[in-house]
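Visitor: What follows is each chain in one-letter form.
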Amino acid sequence: MAKVATSAELRVASQRRWSERAIPISIQIGAWVSFVILLLPVAVVVLAGLNSGDYLTFPPEGLSLRWVIAFLTSPAWMGAYGFSMALALVTMVISTVLGTAAAIVLSRYRFRGRDMLRAYFLSPLILPGVVLGLALYVFYVVTDIGLAKSMTGLVIGHVLVTCPYVIGTVSAALVAFDVSLEEAARSLGASPWTAFRRITVPNISAGVAAGATFAFIVSFGQFDVSLFLSTPNLTPLPIALYVSLRYTFEPTAAAAGIFAIILVVVSMLITSRLVSLRKFGGIKFS
Amino acid sequence: MNTMDLTSSPYQNSFGRSVRAFLGGSRVFWLILPAFAFFLIFFFVPVLSLFLISLDKPVAGVVEPQWSFTATNFIRFFTRDTYYGAALRSIEMATLVALITLVLGYPLAFMIARTENPGRNTFYMILVLCAMQLDMVIRLYGLMVLLGDNGLINRALLDAGWIEEPLPLMYNFSGVVIGLVQFSLPLMVLSLIGVIRSINPSLEEAARSLGATRRAAFWRIIVPLSMPGILAGSLLVFAISISSYVVPALMGGWKVIVMPIHIYQQIAELGKWQFGAAIAVVLFATSVLAVVVYQRYAAITAGGRT
Numbered sequence: 001m002a003k004v005a006t007s008a009e010l011r012v013a014s015q016r017r018w019s020e021r022a023i024p025i026s027i028q029i030g031a032w033v034s035f036v037i038l039l040l041p042v043a044v045v046v047l048a049g050l051n052s053g054d055y056l057t058f059p060p061e062g063l064s065l066r067w068v069i070a071f072l073t074s075p076a077w078m079g080a081y082g083f084s085m086a087l088a089l090v091t092m093v094i095s096t097v098l099g100t101a102a103a104i105v106l107s108r109y110r111f112r113g114r115d116m117l118r119a120y121f122l123s124p125l126i127l128p129g130v131v132l133g134l135a136l137y138v139f140y141v142v143t144d145i146g147l148a149k150s151m152t153g154l155v156i157g158h159v160l161v162t163c164p165y166v167i168g169t170v171s172a173a174l175v176a177f178d179v180s181l182e183e184a185a186r187s188l189g190a191s192p193w194t195a196f197r198r199i200t201v202p203n204i205s206a207g208v209a210a211g212a213t214f215a216f217i218v219s220f221g222q223f224d225v226s227l228f229l230s231t232p233n234l235t236p237l238p239i240a241l242y243v244s245l246r247y248t249f250e251p252t253a254a255a256a257g258i259f260a261i262i263l264v265v266v267s268m269l270i271t272s273r274l275v276s277l278r279k280f281g282g283i284k285f286s
Numbered sequence: 001m002n003t004m005d006l007t008s009s010p011y012q013n014s015f016g017r018s019v020r021a022f023l024g025g026s027r028v029f030w031l032i033l034p035a036f037a038f039f040l041i042f043f044f045v046p047v048l049s050l051f052l053i054s055l056d057k058p059v060a061g062v063v064e065p066q067w068s069f070t071a072t073n074f075i076r077f078f079t080r081d082t083y084y085g086a087a088l089r090s091i092e093m094a095t096l097v098a099l100i101t102l103v104l105g106y107p108l109a110f111m112i113a114r115t116e117n118p119g120r121n122t123f124y125m126i127l128v129l130c131a132m133q134l135d136m137v138i139r140l141y142g143l144m145v146l147l148g149d150n151g152l153i154n155r156a157l158l159d160a161g162w163i164e165e166p167l168p169l170m171y172n173f174s175g176v177v178i179g180l181v182q183f184s185l186p187l188m189v190l191s192l193i194g195v196i197r198s199i200n201p202s203l204e205e206a207a208r209s210l211g212a213t214r215r216a217a218f219w220r221i222i223v224p225l226s227m228p229g230i231l232a233g234s235l236l237v238f239a240i241s242i243s244s245y246v247v248p249a250l251m252g253g254w255k256v257i258v259m260p261i262h263i264y265q266q267i268a269e270l271g272k273w274q275f276g277a278a279i280a281v282v283l284f285a286t287s288v289l290a291v292v293v294y295q296r297y298a299a300i301t302a303g304g305r306t
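Residue numbers (the numbering used here), protein chains in the order written: chain X, 1 to 286; chain H, 1 to 306.
For the record, the hints were derived by calculation from the structure and aren't laboratory data. Where is the CB? At the ideal position from N, CA and C, for every residue including glycine. Heads up, some of the hints might be wrong.
Straight-line distance between alpha carbons at most 20 Å, and here's what the computed SDA-like set of lysine to any residue pairs gives [to be verified]: (1) 255(H) / 247(X); (2) 272(H) / 143(X); (3) 149(X) / 269(H); (4) 149(X) / 231(X); (5) 272(H) / 74(H); (6) 149(X) / 62(H); (7) 255(H) / 85(H); (8) 255(H) / 243(X); (9) 149(X) / 76(X); (10) 272(H) / 117(H); (11) 149(X) / 271(H).
If you want the ones that stay clear, here's a sample from chain X, every Cβ over 10 Å from chain H, calculated [to be verified]: (12) 34; (13) 53; (14) 75; (15) 82; (16) 205.
Whole structure, please, built from the sequences with the hints as guidance.
Guide: Next up, the structure:
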């Protein structure tokens, strides 16, 4: 008898607790207003790219693939898209290698000056992108080592702004990894390299892949650093879009945007499979 | 910045000793070397060189250092109202953007932090991250279609007969602010989520059980405890708003001239490298100042527990 009463009480208590923690309706309305602000411009781009008329009206005149086909058959737009893809892929590979190696040292060893070293690697995020691009451009011109107006020069700028993301993501994976597993392998006779390769690498590979995806997408959408480093022959998509928005404002730009949106959504779906987004409490900047 | 600190820091000797101890102790430490050298050569050297050039004698069209130190560029910046006016406008704009994104971002961050269903939580996070990662120029295309004189919003209001003239939503200060809010909102939300999630729900329950209304518990318990996230998010939004080139360039229609636009014009259009570098230094100093103010303020609010 007493037992039944207790469980009923517990149920009531847990229900009260649940309703206590339900989100107030005013906050929910505010949250959805923010979602509209975040996503409405993106929806407009998709509609403008699939619209059949020259100008987007609401409701749209009709759907057509006219601008998508215009994008896919335009050498300039496809060139910019392909260039951004190539730039982002090269950046991703270099950033992932450099960043993972640095993250291993930064999170596996305790040594004096470690926090300073961590700040050293995060500092490109504090510097405004336009200033970084300018500093690199001046450096390339003054040193005259063939980096000015080159793809390599652009890649260097992009690696600097993407590497901190790789370091952050891989460090998080390494912190979550239990070092005693590797020590166990060592005590069973594995060499340091074997223990690292067979035990640690498989355990942090999801974090590394997530970092690589982030590096790709940050590079693909990078405008500020590219501003001073791009040339008419080396035009990443964001710069091509900017030029189009300033001078012509054609719906082909919206069609190009659709393909960029697809790329971003796919990358974020991949990231969400690799790492828990719940842990993603923003990027630490200092 | 930090390399400078290393050489002058009191830890120098012990730092050097611990590095040596490591190089002797473990070869794994060498893994950090490629990234360290890359950042030194392509980040710290160029940035410090840019700072040096800002102190150089201004010669139009010449980048190469003249090695004649002068403060001319900075004096020029702070004595012409075109330039220091741009700095003040940038600060005013970035502060306003930080406040608006805080008001807009807090409810969204709160909802995501308190959504316990894992599937729905991931869905919300993907929406925020996609909005953040999408190239800003593409988002600006959407904003321009919405806010232009002939845009969707003005068309709808004119057709409904609510207004006679199109509202000036774009190519002015408020247009730039709207653009920057859209740009920085995801960062604010991400900064707040972690802090709100880490607030122990039993604190709120304790306040409720002691008779506080829900509203009182929210304003007197939850909001003060999310202060670190509010500060970090506002600082981040301030720093990226003040540094944005593309949003003022497209949404301001060359009527809202802020520091990044001056930098680009001085360098790319006028060839005034030294003066452009000086504006870049002022821009950087302003965002660093925001970090310093934030850290001091954070130390006060945390009761010195930093």
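Visitor: The structure should be examined with respect to each hint, and the outcome stated for every one.
Guide: Hints, verified against the model:
no.	hint	verdict
1	255(H) / 247(X)	16 Å, holds
2	272(H) / 143(X)	19 Å, holds
3	149(X) / 269(H)	17 Å, holds
4	149(X) / 231(X)	6 Å, holds
5	272(H) / 74(H)	13 Å, holds
6	149(X) / 62(H)	17 Å, holds
7	255(H) / 85(H)	13 Å, holds
8	255(H) / 243(X)	18 Å, holds
9	149(X) / 76(X)	19 Å, holds
10	272(H) / 117(H)	56 Å, violated
11	149(X) / 271(H)	17 Å, holds
12	34	4 Å, violated
13	53	12 Å, holds
14	75	20 Å, holds
15	82	16 Å, holds
16	205	17 Å, holds
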